[in-house]
Every structure is written in structure tokens, then in C-alpha cells.
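Novice: Residues per chain, in single letters:
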Amino acid sequence: MEEMPTKIEHLLHELTVLPLSGGHGAEAAGFSLTNYTFWLIVAVVLLLTFFIVASRKVKLVPSGIGNLAEAGVDFVRNGVCVDVMGPEGKKYFPFLGTIFFFVLFNNLLGNIPPALPGTGTVGTTFTWAIIVFLVYNGIGIKKIGFFGYIKSLIPSGTPWWLSWLIFLIELISHFLRPFTLGIRLFANMYAGHIMLGVFTIFAAIFIEQFSAISIAVVPLSFLMQVILRVFELMVAVLQAYIFTILTAVYIDGALHAGSH
Amino acid sequence: MEIIIPNTTEMWVNIAAFAVLFVVLWKFAFPPITKMLDERANKIRESLEKAEDTRVEAERLLDEYKVQMAEARAEATQVIEQGRKVAESMKTEILAKAREEAEAEKAKAVAAIKAEKESAMAELKGEVADLSVAVAGKILGSSITKADHEALIDKYLAEVGSLNEN
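Protein sequence lines, in the order shown, are assigned to chains R and D.
Residue numbers for the first sequence follow this note's numbering, so the first one is 1 and each next one is one higher.
Residue numbers for the second sequence follow this note's numbering, so the first one is 1001 and each next one is one higher.
Hints in this document: simulated from the structure, not taken from any laboratory.
Some clues are possibly wrong.
Unchecked claim - Cut-off 16 angstroms, straight-line C-alpha distance, at most; resulting in silico cross-link-like pairs (EDC-like, lysine to aspartate or glutamate):
1) LYS1117(D) with GLU1127(D)
2) LYS57(R) with GLU1039(D)
3) LYS59(R) with ASP1038(D)
On a predicted model such as this, the values are computed, not experimentally measured, just so you know.
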């Protein structure tokens, strides 16, 4: 039983960002690829392969891999873009589709041992959240100009003595968006893997030091593994959807910044 | 706390991943798929519209045929009715003509009979007169006068006449 802390420490160590060469700590990661980026590149290659193959296989009567890709594309294009932004939202589909499928492929790949989800590190999620931040603000600024966009942070009809406060709050809320986006996705993926790891450790310890309690703990740990796997698959899709739909909401807000 | 400090290499890898993914998906992978989705939607819309047009056309034709059928039926009834009228009028005409002819025939016959009867009566009258004169002469010798004789004939003829009327 005294192995528990060391095993958990080992698990956490495995889930931290590590350089591929096998060094220790984030500092050593320096400029070499990390364990997460390795799987991220695998996911990106899979994603590109899938879509390049699928896009050559679309037919008027859908079938097979083309049908699967179409279902995904249609889900993002109609279920996210059009639903949130209306018909003109289709214009932003390539951007939102890239985000959705990137997050989805990374999340799902992370569910296949020994892969790690590329989205299980803040290096990934913050980068993508910052891209989203730059893009949606860029769209807003392009639409109504820099000063118009800044002015739109204060709702019309706000009393002058309150406007600076509202402006400050709005500004902070905008700058918090990339953090919340990034943290939400990272924490979901990271926590999921910790939960899975913990139940694996339980099972391993109680098998190694077999006793009467093991008869109850091992099957329960195993059952939890199965349940959590299903749960993780759901979370993988759900988090990809949430990340994408929030991006769509931000873009929609920027598009209508001047009109409220 | 170090897990929420992003690793710089990871950030560069992600920026590269985003750039490659976005360009490849946007320029090469998504267009055929979205094009096909739109094409299919259009195809379905067109097919539905076409089906609707065909249905409307079929209904229009059906109505047209119904009207034509009704017209044809009415016309047929009219033709039959007309035929019946013609036949009816021909029947009455033929009957009237037949009756007329029969009437004429009958009248002719009656006239002939009457003439026959009259000539027979005249002949009979002569013969009866002669015969009665002869008979009377034989019975009475020549004792009845011409006047008696005439009166006798007339009486007899009246009797014969009344018999004839019965």
C-alpha cells in the first residue's frame, strides 16, 4: 500500500510535458518535441489523411468514409456555424471546421493507449485559444474598424460615469476568454487521464498484493475503467463541440459588435 | 503550477499544426465535401419540386379527363335522347299514315259496298216488280190495275227495306 504515492507520482510525471529524448522536467523540453506534441502530430497526420481520402470519395449517393466525413462537416457547418451565426456563418466554416476536427481527433486519439491527447497540455489549448482570440477580434475590427470595435465594448445608453467601469469589465472578460477556453479543454482531457490512471493503479496494486479486499477492489476498478472510458469518449466529442461552438459565439458577437 | 505554464516548443508546433491544417482543409479537403453537400441539397430540392410539378400536372390532366368524360357522357345521352325523339316522331307519323290509309281503304270499301248494294237494290226492285206482276197476274188473272200494281210493289219494297236496315 505504501507504493500508492510513488505510483501516483509516476502517473503525474508521465502526464506532464516531457521531452521525447527522455530528459526530466519542462526545462529540459526546451526545443525538442514533447510526449504530447508527438501524439499531436500523429493526430494531425491522421486527420489530414482522413480528410484527403474522404474528400476524394464523396458521391451524390453517400457511402462509406465519404459519408462519415460529410456527416462531420455537415454537423459543424449546420449544427454550429449556421445555428449560431445564421446562413452567413457558412463563411467561417473552414476555420471552425479546422478547430473542431483538430480538437476531436486529438481528444479521441488520446483514448487509445498508449497515446496521449494532444489537447491534454496547455501548450496546445492556449495556443489554439489565442488563435481564436486573435481571429474573432480581427473579424470584429475588420467589420467596424478598430475604434468602432473598442467603442462597441460599452453598450449604448450606458451612463457616462459607469461607462469606464463597463469598459474595463468587458475588456477583462474578453481577455479571459482565451484562458477559459484553454483551461476548460486542457483540464477535461488531463483530468480524464488522471482518473483512468488512478483506477489502473488501484487495480495494479491490489493484484500485486493480493488479499481478500482485492476480490472487491479489482473488479470495481476494472468496471470504473470501462465506465470512464465511455465517459471519456463522450467528453472527447463534447469538448470538441464546446470549444467550437464557443468560438462560433465569439465570432458572432464580434460580427454584431456595433449593433447593440 | 508548472502544468499551466505553456511549453514554447509545443506552442510553435501548434501554430504550425494550425497553419498546415487550416490551409489544407480549407483549400483541398473541405471544398469537395461542402460542394457535394450543397449539390445534394439542391438535387433533393429539385427532385421534390419536380415531383410536385408532376403531381400538379397529373391532377390537372385527371380533372381535364373527368370534364371530357362528363361532356362525352352528356353528349351520348343527348344523342340517345335525340334518337329516341326521332324514332318517336317517326312512329307517330307512320302510325298516322297507316291509320289514314286504312281509313281511306275502309271508306273506299264502304263506298264500293254501298254502290253494289244500291245497284243490287235497283236490280232487285226491277226483278221483284216484274216477278210480282207475273205472280199477281197468275193469281188474279189480269184483274189488278197498273195503279194497284205500283202500290203493291212499293209496299213490298218498304218491307224489304226495313228488313235490310236491321
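Novice: If a hint holds in the structure, say so; if it does not, say that too.
Specialist: Hint by hint, here is what the structure shows:
With a CA separation close to 15 angstroms, the supplied pair LYS1117(D) and GLU1127(D) stays within the 16 angstroms bound. A threshold of 16 angstroms between alpha carbons decides the hint, and for LYS57(R) with GLU1039(D) the separation of about 15 angstroms falls inside it, so the pair holds. Of the pairs offered as hints, the one joining LYS59(R) and ASP1038(D) holds, with about 12 angstroms between alpha carbons and a cut-off of 16 angstroms not exceeded.
When the structure is compared with the earlier hints, no violation turns up for any of them.
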